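Engineer: Chains as they are written, first to last, in this note's numbering: chain W, 8 to 295; chain P, 40 to 309.
If you are wondering where the hints come from, they were derived from the structure by calculation, not from laboratory data. What you are looking at is a predicted structure, and each value in this text was computed from that prediction instead of being measured. Heads up, the beta-carbon is just placed ideally off N, CA and C, and yes, glycines get one too. It is possible that some hints are incorrect.
As the list claims (entries may be wrong) - Here are some, though not all, of the chain P residues that point toward chain W, as calculated from beta-carbon distances under 10 Å:
hint, residue
1, 129
2, 133
3, 135
4, 156
5, 158
6, 162
7, 169
8, 174
Each chain, written out:
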Amino acid sequence: MTDISAPARIDVLQTEYMALVRQRRLYGGLVLAIFALLMASGFYVADARNAGGFWEGLHRVGDYPAAVISEAWEKRAELPANLVKFFPALVETLNIAAVSTLLGAIFGLIFALLSTRGLARWPRLVPLFRRLMDIMRAIPEIVIALVLIFMLGGGPVPAMLAIAIHTTGALGKLFSEVAENADLKPVDGLASVGANWTQRMLLGVIPQVAPNFLSYALLRFEINIRASAILGFVGAGGLGYELKNSMSWGPGEFDEAAAIFLLLFGAIVVFDQISSRYRNRLTEGRLA
Amino acid sequence: MLSVSALTKRFGDRTAVDQINFTVDAPCMLGVIGRSGAGKSTLLRMLNRLGDASGGSITYEGREITTLKGAAKREWQSRCAMIFQQFNLVPRMDVVSNVLHGTLNKRSTFATLFNLYPDADIHRAIEILDRLGIAEHAAKRAEALSGGQQQRVAIARALMQDPDIILADEPIASLDPMNAQIVMDALRRIHEEDGRMVICNLHTLDTARRYCDRVIGMRDGRIVFDGAPEMLTTDTAREIYGASGDFSEGATSTEIESLDRPAPASALPA
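Bound-form chain W, shown alone (with noise of 0.2 Å):
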């Protein structure tokens, strides 16, 4: 302890720690200055370069949700037998986006393990991991999706194997995160014992990051049931393609496209509430 206390000093340290403080505020200053400036300059180019244009476009943004709603409301009779009619095409996509979570999350937890600093098999290859998490979280679904479907044609498992690459190179990410946080005293009293890597991996990293990995995984799969239904717009089948067909064959059809949101909508609250619960439940079991 040096408990130094002479009046003479704290006069210094209070001189010193105001300069310290004037610096921040000007720093602080300019940071706000130079984004309010990009935020302008940014919203000005983008609003001069629009096709359209923002301010005289902005009045008819309602438009289209507005005619949807008033043409599903008045064919409303019709909604049940257009809910039941589309509701195989949401189990394809709903099983489009689990099999493809199911895989990501597989080959991201292998992926992950492989590329977490102190945990990794060969720690020299961890930047080379990396980067091939990297490309497959860079290049988007669809460009992926349309590739497949050139190769193999249209269908479901072309979009499944699209957004499994694209999963694993996001969650591979997530879980990486996750594991460099993981206590490290436990994998160190199991390689005390002789444990080898992989049994490293799965008692003394998985039971510690496993609430977290799974709760990604589910965030993940909501977020792969929208995927899968946009992918439908490029033949990917499920809801993606009827809603593509009952949107753009013009008027007499948005009955069926509103039916086909409420499923879209109803099938990610159902699985959002699912979710939470089961992430609870892990959260609670590991605390007692």
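Based on the hints, put chain P in the right spot on chain W.
Structural biologist: Just chain P now, kept in the frame of chain W:
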């Protein structure tokens, strides 16, 4: 001044604090002792309104505390400072900023967002740090300090609040004996020099005996002892800690002197 009556806290079907009553008439240094899980922390958290009471009442100068809401509750919290076992500072912010957090209740969110504390407050924060002997660390990040230094920063934050009451929840449980003594000395000095009420959770008997004017012993959520520290006999201590005959005071000690003491338990005044 401070009066607690029939205060109760339940977590599910477990009662952490069970119908406790006590009154404090004048600012004093009050020690609350008992083993882990006796309800000491829960009691302090209820006093600060970090946790809501399940029943009973707390009044301070005639004002009911348990029913305060919103701004009134935060105003009360600013008047009864809390010191935690794990310091609970913001690790990545510098020491003075952490101390200045003591004034948050008086400042607008906008001002704190841009670090616009009045110069007078900044000067006072450094003076408080100087009083606690850590002014030279003013510009360092809180996480760069040792445990004992961090706890003194936490005390400085509490003093910055200019509180009526200081609640300290096991302030020395994470510290080594040397730092524990510095922190306890600081708390005692704050009580003596500023006349603030200090309520301090401790799990060691000798610390309570040495620093406190009055001791409350808790066991399983109930008060089993309330009186001057001189009245604490080995038998009462055994009751508080639920220990058997082989219990000795030295076994709970964290003080340096106790290491030199030959037979701590038998040396107790009856």
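Engineer: Against each hint, give a clear statement of whether it holds in the structure.
Structural biologist: Comparing the hints with the structure gives:
1. 129: violated, 15 Å
2. 133: holds, 8 Å
3. 135: holds, 6 Å
4. 156: Holds - the Cβ of residue 156/P comes within 10 Å of chain W, reaching about 8 Å at its closest.
5. 158: holds, 7 Å
6. 162: holds, 5 Å
7. 169: holds, 5 Å
8. 174: holds, 5 Å
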